Amino acid sequence: MNTNNKTGQSTGIKIKNNWFAIVVSLLFLLFPLVIKNNYFIDVAFFFGIYTLLGLSLNIVLGEVGLFDLGHMGFAAIGAYTTAILNTSFGIPIFVLLPISAIAAAIFAYLVTSPIIHLRGDYLCIVTIGMGEIVRLTLINNPFGITGGPNGVFGIDFPSIGNLLIIDNSVKFYYFIWVAVGLTVLALIHLQDSRIGRAWNCIREDIIAAEASGIDVRYYKLLAFVLGAALAGVAGSIYASKLMIVSPESFSFMESCMLFCIVLIGGMGSIPGILIGAAAISLFPEIFQTFAQYRMLIFGAALVLMMMFRPGGVWPRQRGKIQTESILVKTGKSEI
Amino acid sequence: MKRIKNIFIVLVIVTLCLSVNALAQKDPVVIGLQGPLTGSAAVEGEMAKQCVETAALMINEKGGILDGRMIEIELVDDAAQPRAGALAAMKLVSMREVVASIATYGSSVTQPASDIYEKFNKVNIAYGATVTGLSERGLNYFFRTCGRTDTQGIFFAEEVVPYFGASRVAILHDNTSFALGLAEEARKALLDAGEAELVYFDAITPGESDYTVPLTRLRETNPEVFYFTGYFSEAGLIIRQAREIGIDAVFVGGDAAINEDFIRIAGLEYAAGCYMTQEALIQYFTNPEAMEFKEKYQATYGTLPSSPWSVYAGDALMVLAEAIDKTGSTDSDVLVDYLKNEMEEFPSITGPIGFDEKGDRVGTGINLYVVNDDGSYSIVER
Amino acid sequence: MEKEVQELKETMVSDTEIVLETDNLTKRFGGLVAVNRFDLKVTKGKISSIIGPNGAGKTTVFNVITGIYQPDDGQYFFKGEKISGLKTHQILSKGIARTFQNIRLFQNMTCLENVMSGQHARSQSGLWPSIFRLPSQIKEEQKIQEIAERRLEQVGLIAYKHELAKNIAYGNQRMLEIARALASNPYLLILDEPSSGLNDKESEDLMNFLDEIIKEDLTILLIEHDMNVVMGISDWVTVMDEGKKIAEGKPEEVYSDPIVIEAYLGKEEEEEI
Amino acid sequence: MKLVIEQLLNGLTIGSFYALIALGYSMVYGVMKLINFAHGDLFALGSYLGYTLLVMGTAYVTSTLGIWGGMIAAILVAAIGTGVMGLLVERIAYRPIYPTGRLPAVVSALGVSIFLQNAIMVVWGARPQAYTSDVIPSYMLNIGGLRITVLQILILLLSFLLMGVLYYIVQKTTFGAAIRASALDRETAALMGININLIIFFIFALGPALGGTAGVMVGIYYRRISFIMGWNYGLKAFTATILGGIGNIPGAMIGGLILGVLEMLGSTYISTPYKDVFVFLVLILVLIFRPRGILGEKVAEKV
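So the sequences go chain by chain: A, B, C and D. Start counting the first sequence at 1; every next residue gets the next number (my numbering). Start counting the second sequence at 336; every next residue gets the next number (my numbering). Start counting the third sequence at 718; every next residue gets the next number (my numbering). Start counting the fourth sequence at 991; every next residue gets the next number (my numbering).
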C-alpha cells in the first residue's frame, strides 16, 4: 500500500484511514486516562499551548525563514481580545476564538506590511520592538481596558450553552490538543502545496523565488498573518485556561523561548516543533528540584543542543520519502 | 504519512517521560510554599523560602504539631509568571497532597493559583498579593497575611499628609501590580479627604537606572510631600537622583520601598530622613515571636529579610500550624472555619493575626517610620 | 495537457515577430554606466545571443529585463506590450523565464520540488483549497507534478528527482535550473551563461538540448562567453562592450567583424593579466 | 531651557553607555554576522566584577589606591574579566557552531545569555547590589543653576575617549582596515592573508571589555546593579546598533547617543511610561525609510 505519499494527491483523505493517525489519536485520548494526575495533565496542556505557539512561529521562521522575535506580541493580542471582550461583554469563548485569531491577523498585517521588505536582523529587531510595544502598551493600561500590570481577571470557561463546558484540566487538555491536531493536519497539507513550496523557496533564495514567479511580498505577509492568527488562537485558549491575562506572560523572554522551540526541533519540521515545545515546557518542570539553578542548566542545555544538533533534533526530511511517478503510473513515461 | 509517524513516536517519548515522573511520594504534614525563585522577582522568593524555613524550624524545635508530627515545606518555583503559578499550584495540590499552601508573591500570579486552590478546596495564604480585588471574589479558601493596598493608601492620605501639614503632594509608582494599587488607593483617599492637592501622579519603568526625567517633571510641580509606592531598588535610585536635581520635598516610601538595600543604594546621606508607611518591618518588632524569629534567621542567613512580604510568608506558616494543631485536623473546611471564626489575636511573628470573612488579615498596624542618621528606623509618634 | 499549453501560447502570441524589444535602456551604478542606451530586438522562435567581455553589462541587461533592477532610463517591451516597471514575478507570469549566471537553485529542496516551484505562476490553488485539500487542489498538484516530471525527464534528471538540489553535480544543477525555468512554460527563455563551468561534452549536450527545445514554440535569449557555443547555435548575435551595443548580425558576420574582434579579444588579453 | 540642557546631558550619559555596549554588538556582528545576545549579560558581569572589587574589597582597594585609583582599578579588572569571559564564550559556545549556520548560533547566544544571567544571580544573589557611597566621589558642580555631578562629566569624557580610540583603530590603522575588510567579506579577507582568528580574538575581547567598562560606569553613576540589568541594557544597546546600522562602528556610537537622547526627550515631552514605545516606534520609522539604519550603506543585491 502507498502510505509514504509525499505529493498532493489524497494525503488528506488517506490520513483518515491510516493506522498511524489512529494510534496517534488513541495516544492523545488515552494520556489523561492513563495518567490521572492533574498536574501532569496541566503540564501536558501547556506543552500543547507551546506546541501551538511553536507551530505558529514555525510558519514565519521555519517555513519562510523570517526572524521573528516578537511573536508573543501576536499571542498577546489574541489573549487580550478574548479577555476584554469576554469580561466586559460576556461574549462566549468559542465565539471569541475566531475573533481573537482575526484580531491578531489584522494586527500582524498592519504592523508587518510596512516593514516586510526588511532583511534578516533588521526584521528581527523590528519584531522585537513590535512585541515590546505591545507589552508596554498593555502595562500602561490604555483607556483603562487592559488592567495594566494586574491584567484582566475573571475570564469564563469555554462553553456551548450547557452542552459542553470546558472547566477542568482534562477537558482543557483535550481542547488544546484537538486544536493542535487540526493545526498539524492543516500545516502538513500546506507544506505539500504550492503555498508551502513558495514559502520554502523564499527561505532558500529570495531572488530565485521572485524569478520563479512567486510574489515574495505577498507570501511573506501571508505567513505573518497566518502565524499571528494561530498565535492569537493559542493566546485565546491560554486566557480561558488561566482565567487571567497579564503582560508578563508575553515578555521578550517568552518570544525567545518560541524561537528556541523552532530551532531545537528543526526549522519547518512539525515533529521537530513537538520536541522543541516539549523541551521548553517540560524542562522547567522536570528540573523544579534545582530551584534557582534551573535556568542556569537550561541555558547550558540550549548551547549543548545547538552544539550537537545544530540542524535541530528532528529536521524536516526532504526527498527521503519517495513518490511514485505519475508518468510511470499513467504510462506516459519512457522509463 | 511519514511525518504523522514521527509525531507519533515523539508523543510516545513524551508520554514516557511524563509517566516516569508520575511516581509522587507522600509525607504527614506537608505545607506547600509557592514563590518566585527565578526570574525578576527572585529576591522575594529566596527570602520567602528562608523565612518559611525559619518559621518551620521554630515550630519543629517545639516538637512540631499534632503531637509530634514535623512540618515539612514543599517548595515550588512560580517564576513570578501566571502560567508557572498555575502549574505550581496544581503541582502542590495534585502531586504533593499538601495540607495547605502558602501562595504567593505578586497579585497576577496569586490570581490563577488561588483559583486552582479554590477548585481543590485547599487553604492558600498569600504573603505578597495586596491588590484589593483579590479577596473580593468570594473565594472561600483564600487568605492573606499581608495587608491590602487600600488600608495603606488611606493611612497615607489621612495620617501622613496632615502630619506634615502638606498641601501639595506628588505620587510616583512603578507600574507594578502592587505599587500601582497603592498609588491609586492613595490618590483616591487623598481626593476623598480633600485636604491636600495632588500635584503630580506618574509611573516609572522598574529595572532602569535613570529616573531624572520624571523627577525633573516632578520638581517643576514643587510638592511638599513626595510619595513613592514602588520597590526599594528603584526607591534608592530615585531618592538619590531627586536630591541631586534639587528636590527637597519630604520623601515617603510605601512599605516595599525602604529597607537595608534602599539605604545601601541611596547612600546614608540621602536615606537618612526618609519616611515610610510600613506594615511589618521585622527589625522593629519586639514581641517574643519576632525576637525568636530574628535570632534564628540571623543565625542561619547572617542578615534580616529585607522585604516585609517574606516575613508574612513566615506568618502564614505560623498561622497554618496553629490552626492544624488546635483543630487537630488537616481538613480544609475545618481549617477555614477555624481561621475565619476562632482565630483572634494569634501571636505571630508580625504581631497578632486574625482573619475576616474575606480572608483578609485584620489588625495590621500600619505606622510611619523614619530613617535615622545611623541607618536605623524609629516610629514617628503622631 | 498539450492542448492547454497550446491555449496558453495562443493567448500569449501576438501578431508581431519581435518578442522582446528594449529601447534606449540605461542603468547606472553610482558613477559607472553599466548599460548605456542599449537597444535589443529578439525575434520569435530564434536563438539570439548577447556576447561581450566580462563587465560589458550583459547580465545587467538581463536583470533589468527581468525586473530585478529598475532602469534609470529607457523602456522595454514584451510582444509589443510595455513591461518596464513590472515586478520580477509579474514579468515571469507574462512569459519570460530566466536562469542565473551563478546558479540559484532552492538548495535544500528536492529537484522535483524545484521544478514544481517553477510552475507557481501557472497554478492558482489558494490558502483554503490547500489547507482542506479540496479536489481541485489535488488535481492541480497532480498536474504540477506531472509537468515537473516531464521537464525533469526532458533534461535527463528524472532519476534524481528526490535528491536535494545541492547534492547533484554542477552540470546537472545547470540543467535543473533550465528545467525549472521551462516549467513555467515560458514564451521567452533567458539563459545567463548556461555553458559556463560545463565541460565540452556537457556544453555539447546543452547545445543539442537548446536546438531541441527551440522547436516547441519557444524563443531563447542567451548570454555567452564561449564563442564556439554562440556561433554553434545562435541565429542572431548582439555584441556588447562597456554597456553599449557595438555590433549585431548573423554569427558569421559578427565573427568576422573587425571591431568585434578588436574589442573582444583586446579585452580577453586584459583578462589574462 | 535649563530642563532641556539637563535632559540632553542625561541623555548623552545614558546614550554613551548604550554606545559602549552597542560597539560590542556591532563589531561581533560585523565580522561574525552573529547577534551576540550574551553581550548584555557580559556587561552586567563587568558591573558585578567592579562591585566585587570596589565594595566587597573596599578595605584593600579603595583604602590603598584611594577613591579614584579604586575606580580605575575596578574598571580595568572589569574590562579584563569580561574580555576574557567574552573569549571563553566565543570558544565554547560559538566557535563550534558557526559552521552550521547563523540561526543555531543565535540560539546558542540566547543560551549563554540565560546562563550568564542566572550564574550572576546564583553567585551574587538575587538582591540588587549597590556601589556604596564610600567608594564613590560625589562632587556637585553648579553651572548657572545647572546641577551636574563631576562623575557625570568624567564618565562622558571617558566614554568619548574610548569611542575615539576605537574609532581611530578601526578607521585609521591597517588593523582596523583588516577588521573592516573581514566585516565586508570574511572569506575573501582570509584569502587576502588577513588573520581572521586574530580579528575574532580582538573583537570578542574588546567588545565585552568595552561593555564591562560601561558596566562599572553604570554602577558608579547609578549605584544600583542587578542581575537582570543585562537584558534591559542589552536590548536598548542592540536597538542602538541597528538604529546606527549594524556592523558599522561609527553607526553604533551615533545610534547609542541618539537613542539615549531620544529616550530622555521622549520621556520628557511625550510620556514617561510610554517612552520605550516611543523609542521603538522611532526605530521602526527609521528602518522603514532607511532599511539599513542611519549610517548603514545600501548594498546592491549581487545577482
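These aren't lab readings, by the way, just hints derived from the structure by calculation. A quick note: this is a predicted structure, and the numbers were derived from the prediction, not measured. Hints may contain errors.
[Claimed, not checked] Listed below are the simulated PhoX-like cross-link pairs for lysine-lysine, each with C-alpha atoms no more than 25 angstroms apart in a straight line:
id, chain 1, residue 1, chain 2, residue 2
1, C, K856, C, K918
2, B, K384, A, K36
3, C, K761, C, K918
4, A, K171, B, K631
5, A, K36, A, K171
6, D, K1023, C, K883
7, B, K397, B, K693
Each hint tested on the structure:
no. : hint               : verdict
1   : K856(C) - K918(C)  : 39 angstroms, violated
2   : K384(B) - K36(A)   : 30 angstroms, violated
3   : K761(C) - K918(C)  : 29 angstroms, violated
4   : K171(A) - K631(B)  : 47 angstroms, violated
5   : K36(A) - K171(A)   : 13 angstroms, holds
6   : K1023(D) - K883(C) : 23 angstroms, holds
7   : K397(B) - K693(B)  : 31 angstroms, violated
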